[in-house]
Amino acid sequence: MDDVLGKILAARDKRAVLRGEISKSGMASLSLNFNIPGYPKSDEKIHLCFQKVLSELKRHLLSHRILIDSSKEHCATDEAGDLFLVPILDGNCVIEEIKQITEKFEENHTLGRLLDVDITNAQGDPVSSGKAKTCYYCSEKPALLCMRQQNHSYTDIRKKINADIDKYLNELSREQICNDLAAKALKSLLHEVALSPKPGLVDRFSNGSHDDMDFATFLNSASVLSVYFKEIANYGFSFKHENLKEALPELRRIGLLMEEDMFRETKGVNTHKGAIFLLGFSLFVSAYLIAKQRFNYHSFVDLIQKLNGNLVERELGRKLYQTKQTHGEVCFEKYGNKGRGIRGEIQAGLPCVFENAIPVLERHLANVEADDKLLQKSLTHALLALIANNDDSNILFRKGVDVLDELKAKAQLAMDCFGEEDFENRYSDLINYCESNHISPGGSADLLAVSYFIYSLANYHS
Amino acid sequence: MTPKFKAQAGTFESSDIMVLIEPVTEETGRQIDISSTVMLQFENDIKTTINQVLDELDIQDVHLIAKDKGALTPTIKARVEAAVKRSLGIQEGTM
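Taken in order, these protein sequences are the chains called A and B.
The numbers in our numbering rise by one with no breaks, and the one at position 32 of the first sequence is 32.
The numbers in our numbering rise by one with no breaks, and the one at position 25 of the second sequence is 25.
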């Protein structure tokens with residue numbers, strides 16, 4: 001007898017014994033295995049896929065209130081492949097109903113016929129629905145017909161299985177990564193606004209230099225924006241075009257939609273326009289790079305720059321809106337490079353983020369589980385690093401170059417004595433200066449949020 | 001040779017076949033009952049394969065019951081052979 005076949009049959013015998021033991025104890029059982037023709041029946045990738053499908057199956061069972069005895073579950077990989085076998089706890093379920101529910105799981109799953117959920121009743125007999133399943137490979141003829149007539153070669157079937165598993169695993173990781181990116185984007189907005197006290201900015205306890213918005217306005221605004229984060233991440237993860245700039249119209253479309261929703265929610269107050277711009281690009285680029293397993297700060301900056309090109313010349317040099325100049329356009333005309341604002345920051349590859357804020361965050365947060373206190377401390381430090389270096393065109397537009405330079409100098413002073421006795425005084429000085437002069441370093445607040453977002457992607461570095 | 005004991009080989013797992021052997025008195029010939037849970041279309045194929053194995057092992061008088069779950073020919077051969085050998089008492093097995 002062929003050695004491989006012998007091993008496979010022996011492994012099946014063992015399975016039958018395990019099933020028999022469960023039915024001997026008077027219980028029905030449920031099993032999951034993959035229909036893999038040829039040999040070996042499992043490998044690293046198939047096993048990983050099996051584990052993922054198994055988690056889905058367990059969720060499916062629990063959500064249909066089918067209880068299994070997890071303390072007696074058997075999960076192993078042998079010559080016959082991966083197997084999960086577990087007794088079904090006696091509930092009020094009729095065994096045929098359980099069979100129908102597991103069949104629904106098989107039918108709705110992307111891997112479909114590859115998976116096999118078998119139910120054995122308490123008498124030890126397989127419960128069959130009597131339905132003839134169609135072939136996994138051709139989806140036309142009955143599975144048993146193709147199997148017995150060997151209509152498809154093992155190589156072809158294994159190729160299809162491999163491709164289907166790749167697709168499934170990729171889909172799962174896309175879902176997981178995009179969820180994570182969307183949550184991190186919202187987190188960064190929330191932690192930025194919750195940081196208190198802040199100079200001139202809205203925080204938990206103060207409206208800063210603002211009289212048209214408060215803490216609640218920011219929470220509301222962040223909430224409506226959060227709806228779009230996953231959409232942007234998905235777009236980046238699945239983006240296939242070689243020229244990244246092809247993504248710009250769609251990114252702008254989503255960005256405009258976010259702005260509209262933000263203004264509707266805040267009744268016309270600009271809470272997050274800068275953040276939408278920065279986080280939007282950052283979400284897209286990080287998802288794009290993570291999908292290609294190429295995420296690191298260097299390639300991030302590289303792509304942000306490629307995506308935007310000469311943004312300053314292109315957008316600030318010509319009027320986008322015919323009615324009136326935007327603040328950004330006025331600043332660029334008046335102050336040149338110092339007035340390039342956020343477009344200049346992006347075009348230069350976000351130097352404030354990567355050279356000023358992230359190094360500070362790394363120093364405080366690397367390898368520690370940050371509680372609120374530590375987070376407040378490190379974000380305050382990073383915010384100062386940003387204010388001290390950022391030519392915020394909003395301040396430039398409203399207050400002029402002298403005020404901007406004075407603000408930067410004050411922030412630098414506070415920054416220089418961070419962690420020292422004098423710090424509280426210097427920081428209070430800065431806060432008072434901003435509030436009495438109605439200065440709001442909102443641009444730096446946006447950069448803080450995006451810095452924290454990018455920093456929080458550290459675990460994706462490759 | 002004539003089977004002396006009741007014996008079985010195989011499982012109800014997919015792509016397998018369960019083969020049961022019952023001894024009969026000599027000169028009664030072969031009685032082969034096949035049931036497939038899904039399709040009887042291959043009954044003759046399966047029967048041919050079973051007869052081949054029985055010929056090879058020189059078994060003339062036997063009652064063989066096969067419950068097919070889509071087994072391929074090599075699997076059928078292996079299971080029938082194991083069941084027969086168990087019924088002859090020349091191979092260990094469960095019953």
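Honestly, the hints are just simulated from the structure, not real lab data.
Virtual Cβ for every residue (Gly too), placed ideally from N, Cα, C.
Take these hints with a grain of salt, some might be off.
Claimed, not checked - Once the Cα atoms are required to be at most 25 angstroms apart in a straight line, the calculated DSS-like pairs of lysine-lysine come out as: (1) A/Lys240 x A/Lys141; (2) A/Lys245 x A/Lys267; (3) B/Lys4 x A/Lys141; (4) A/Lys141 x B/Lys85; (5) B/Lys47 x A/Lys133.
To be verified - Per label pair, the in silico range of CB-to-CB distance: (6) A/His47 x B/Asn44: 37 to 43 angstroms; (7) B/Gln91 x A/Lys160: 48 to 54 angstroms; (8) B/Glu43 x A/Glu246: 57 to 63 angstroms; (9) A/Gly38 x B/Ile90: 42 to 48 angstroms; (10) B/Thr28 x A/Leu169: 52 to 58 angstroms; (11) B/Asn44 x A/Asn151: 16 to 22 angstroms.
Checklist entry - Of the hints given before, which are not true for this structure? => result 1, 2, 3, 4, 7 and 9
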